[in-house]
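A.B. asks: Residues per chain, in single letters:
2 protein chains.
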Amino acid sequence: MTMTDPIADMLTRLRNANTAMHDDVSMPSSKVKEALAELLKKEGYIEDFEATDNTDRPGRTLTVTMKYSPERARIISGIKRVSKPGLRVYTKSDRIPRVLGGLGVAVVSTSQGLMTDREARQRHVGGEILCFVW
Amino acid sequence: MTMTDPIADMLTRLRNANTAMHDDVSMPSSKVKEALAELLKKEGYIEDFEATDNTDRPGRTLTVTMKYSPERARIISGIKRVSKPGLRVYTKSDRIPRVLGGLGVAVVSTSQGLMTDREARQRHVGGEILCFVW
Numbered sequence: 001m002t003m004t005d006p007i008a009d010m011l012t013r014l015r016n017a018n019t020a021m022h023d024d025v026s027m028p029s030s031k032v033k034e035a036l037a038e039l040l041k042k043e044g045y046i047e048d049f050e051a052t053d054n055t056d057r058p059g060r061t062l063t064v065t066m067k068y069s070p071e072r073a074r075i076i077s078g079i080k081r082v083s084k085p086g087l088r089v090y091t092k093s094d095r096i097p098r099v100l101g102g103l104g105v106a107v108v109s110t111s112q113g114l115m116t117d118r119e120a121r122q123r124h125v126g127g128e129i130l131c132f133v134w
Numbered sequence: 001m002t003m004t005d006p007i008a009d010m011l012t013r014l015r016n017a018n019t020a021m022h023d024d025v026s027m028p029s030s031k032v033k034e035a036l037a038e039l040l041k042k043e044g045y046i047e048d049f050e051a052t053d054n055t056d057r058p059g060r061t062l063t064v065t066m067k068y069s070p071e072r073a074r075i076i077s078g079i080k081r082v083s084k085p086g087l088r089v090y091t092k093s094d095r096i097p098r099v100l101g102g103l104g105v106a107v108v109s110t111s112q113g114l115m116t117d118r119e120a121r122q123r124h125v126g127g128e129i130l131c132f133v134w
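Top to bottom, those sequences are chains A and B. With full-length UniProt numbering, the residue at position 15 of the first sequence is 15, and numbering never jumps. With full-length UniProt numbering, the residue at position 55 of the second sequence is 55, and numbering never jumps.
FYI, nobody ran anything at the bench for these hints, they're computed from the structure. One thing to keep in mind: the hints can contain errors.
Any copy, or any two copies together, can satisfy a pair, since identical chains are not distinguished.
[To be verified] Capping the alpha-carbon separation at 27 Å, the derived lysine-lysine pairs in DSS-like fashion look like this:
| id | residue 1 | residue 2 |
| --- | --- | --- |
| 1 | K67 | K92 |
| 2 | K41 | K80 |
| 3 | K67 | K80 |
| 4 | K80 | K42 |
| 5 | K42 | K84 |
| 6 | K31 | K92 |
| 7 | K31 | K41 |
| 8 | K67 | K31 |
| 9 | K31 | K84 |
In isolation and in its complexed conformation, chain A is listed as follows (with noise of 0.2 Å):
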């Protein structure tokens, strides 16, 4: 299957597995989707993530581990798919955008890689603004 949007996918199958309250997701892998995963991870709305050869054709498969409060409530509100492949969104370094005054992070995709808002602010770096969760 040919896909416009692998990001939205990931997002989507993330989405739909936190309304659902699932305890994992899994999807086909690529390098981005796998950074992607890491700062969620370290930022805290995962619990973890793992990326496994395929066994029977190339490729990954990445396998997301959710993560809920003690309580069973949810850690990620929303998610949304930021610049898309029909409408690239780029910002400046000094015009990172903030999400809800700080209570999320957007993630920007910059020649350092992919990172926070609050870290390519630090780093003055722009780039793309991949998504915002929250």
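Could you slot chain B onto chain A? The hints should help.
C.D. replies: Here is chain B on its own, set in the frame of chain A:
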């Protein structure tokens, strides 16, 4: 009772009513609370509101009728106080924040009254950022 932040009190009552999915919620009223209710109604976040004179004491009581989808899903997913008595947040007309890229609204208190971030941007007025609703 002396209240240090009546707007925060209103937002907390709305947040709690929304979480509990109550049909309506009442609170002490004021001009600015009624203006905020008017804006939230116009933006589709609440169903309606009414301010009535108290019979037993001075002042008015504000009753807000909450809004839910036909499937009884919440319309409001979050409310955040931004400017606070201890830390006022003002913004110039060319720096009005967007809430989740337009998914929500920022309520701005301007010299022309309360308005949404969208309206403030159009009218080129700045002011105090009362809250985000999304």
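A.B. asks: Confirm or reject each hint.
C.D. replies: Evaluated hints:
| no. | hint | result |
| --- | --- | --- |
| 1 | K67 - K92 | neither (32 Å within a copy, 39 Å between copies) |
| 2 | K41 - K80 | both (17 Å within a copy, 25 Å between copies) |
| 3 | K67 - K80 | both (18 Å within a copy, 23 Å between copies) |
| 4 | K80 - K42 | both (19 Å within a copy, 24 Å between copies) |
| 5 | K42 - K84 | within (24 Å within a copy, 30 Å between copies) |
| 6 | K31 - K92 | within (24 Å within a copy, 40 Å between copies) |
| 7 | K31 - K41 | within (15 Å within a copy, 45 Å between copies) |
| 8 | K67 - K31 | within (22 Å within a copy, 43 Å between copies) |
| 9 | K31 - K84 | within (18 Å within a copy, 43 Å between copies) |
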